[in-house]
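J.: Residues per chain, in single letters:
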Amino acid sequence: MGGFSFDLCKRNEMLVQKGLKQPSFLKTGTTIVGLIFRDGVILGADTRATEGPIVADKNCEKIHYMAPNIYCCGAGTAADTEAVTDMVSSQLKLHRYHTGRESKVVTALTHLKSHLFSYQGHVQAALVLGGVDMTGPHLHTIYPHGSTDTLPFATMGSGSLAAMSVFESKYREGMSRDEGIKLVAEAISSGIFNDLGSGSNVDICVITKGKREYLRNYLLPNPRMYISEKGYSFSKKTEVLFTKITPLREVVEVIEVGDAMEE
Amino acid sequence: MGDSQYSFSLTTFSPSGKLVQIEHALTAVGSGQTSLGIKAANGVVIATEKKLPSILVDETSVQKIQTLTPNIGVVYSGMGPDSRVLVRKSRKQAEQYYRLYKEPIPVTQLVRETATVMQEFTQSGGVRPFGVSLLVAGFDDKGPQLYQVDPSGSYFSWKASAMGKNVSNAKTFLEKRYTDDMELDDAVHTAILTLKEGFEGQISSKNIEIGVIGSNKIFKVLTPSEIEDYLQEVE
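Those sequence lines, one after another, are chains A and B.
Using the numbering used here, the first residue of the first sequence is number 604, and each one after it goes up by one.
Using the numbering used here, the first residue of the second sequence is number 32, and each one after it goes up by one.
Hints listed in this document are in silico derivations from the structure and should not be mistaken for laboratory results.
There's no promise every hint is true.
[Unchecked claim] Simulated restraints, written as ranges between beta carbons of each label pair:
1. A/His701 / B/Arg143: 20 to 26 angstroms
2. B/Asn200 / A/Arg699: 35 to 41 angstroms
3. B/Ser155 / A/Glu816: 47 to 53 angstroms
4. B/Asp216 / A/Glu816: 48 to 54 angstroms
5. B/Asp216 / A/Asp752: 37 to 43 angstroms
6. B/Gln94 / A/Arg641: 23 to 29 angstroms
7. A/Leu799 / B/Gln127: 38 to 44 angstroms
[Stated by the list, open to error] If the Cβ cut is set under 10 angstroms, some of the chain B residues that face chain A in the computed set are:
8. Thr43
9. Arg119
10. Glu126
11. Gln127
12. Arg130
Predicted, not measured: the structure shown is a model, and the values here were computed from it.
Glycine residues also receive a C-beta, built at the ideal position from the N, C-alpha and C atoms.
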């Protein structure tokens, strides 16, 4: 089997040169964050998926399941983040059967980075991977080309600068669960309100030793405020205001000049 | 025996219409340690002898009953290494099915795919059939199920079955004892008694293995202390 087939790439390039507009793909504009607190890891994400200037999904899920003790936030092309996290989650499951042990975060990290590296950045997935295993809590960022960082707090996506400014000013080591959740919610909200590519709601996932809590839609700071109470009603008849008839074909008068043709 | 001329090549039929290599594989299974399975009204139990070659072997490191998916388990009779290969392939197939259809694989599907693998090894060049028969126990939305898969790739659904050394005695015993409305706990007791029938030496929680799946649809291999509890109830 092996590998992505790049056969159609030349044909796509040729079509673009000929003037065809390439269809855009669904991106998760996104603000995703993670931080390590006293008892484990907290991951956070917004819920807006964009297709160019259009909001394609107002409440998508960006925090993906990898293992019972490991979750991964994804930014970049939505299909890429979904597919790559699904695939590595499958492989981790098989690995757990074979070894009889809980999955380690570094295992997920290595699988993801080697996959992304082998596709040389064409799989556009930027991930924040966090979890708690037998060696303790871990938090990593993974870039589309396959490089990784290990950090106490991390942000990715178009809203990462807004979120990072919150973390840089307020992060402390050894925060409690409630402090950590509050800070993550603040960072994501900062991305939601200051970045166009991020919006809607805040999702949070808290992972500690032996337990994880997926707090879907933890905050809903963008509810639909104005909804007409009366509802909308349209009358069945359309009222005729004005009638004008324009014939499509001109009525032409033919005036015979001269004699008919003589052979 | 006229057949012996045709017993060297797997992919050649003998004049009597048999594939002699598969017959030999079944003989290998028949000389393996006894294993059995019983389908109860609300679950399935599978069990096997765990006779180790020497008292020096660390019995906690040996596990013959394996989990394929959270709701399907398997036990074998015959060659252990062959069963490991099949277990690995089956787990991968179950995972691939889940990735494609986003639903847990039904028991019949997994059995069919495993049987297909075993059949492929009876019709390919340069390979030999697997020297194991498998008993697959599972619980899905069609209820509790027990399947036996043979080296030829044929599979059968059973209410109760046994394989290995003591198969005929065990099956006679099961035929007498089996009832359709058996509860899971009764089935475990019956399984232990069946194993005891042909057991050489003293049966204990260290030389048998039992796997159960109940209405919670989670396959579990019993710990030695849990087996000890059941053994005491049976005595």
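J.: Each hint should be assessed against the structure and marked as holding or not.
T.: Do the hints match the structure? See the list:
no.	hint	in the structure
1	A/His701 / B/Arg143: 20 to 26 angstroms	23 angstroms, holds
2	B/Asn200 / A/Arg699: 35 to 41 angstroms	39 angstroms, holds
3	B/Ser155 / A/Glu816: 47 to 53 angstroms	50 angstroms, holds
4	B/Asp216 / A/Glu816: 48 to 54 angstroms	36 angstroms, violated
5	B/Asp216 / A/Asp752: 37 to 43 angstroms	54 angstroms, violated
6	B/Gln94 / A/Arg641: 23 to 29 angstroms	37 angstroms, violated
7	A/Leu799 / B/Gln127: 38 to 44 angstroms	40 angstroms, holds
8	Thr43	32 angstroms, violated
9	Arg119	7 angstroms, holds
10	Glu126	5 angstroms, holds
11	Gln127	8 angstroms, holds
12	Arg130	6 angstroms, holds
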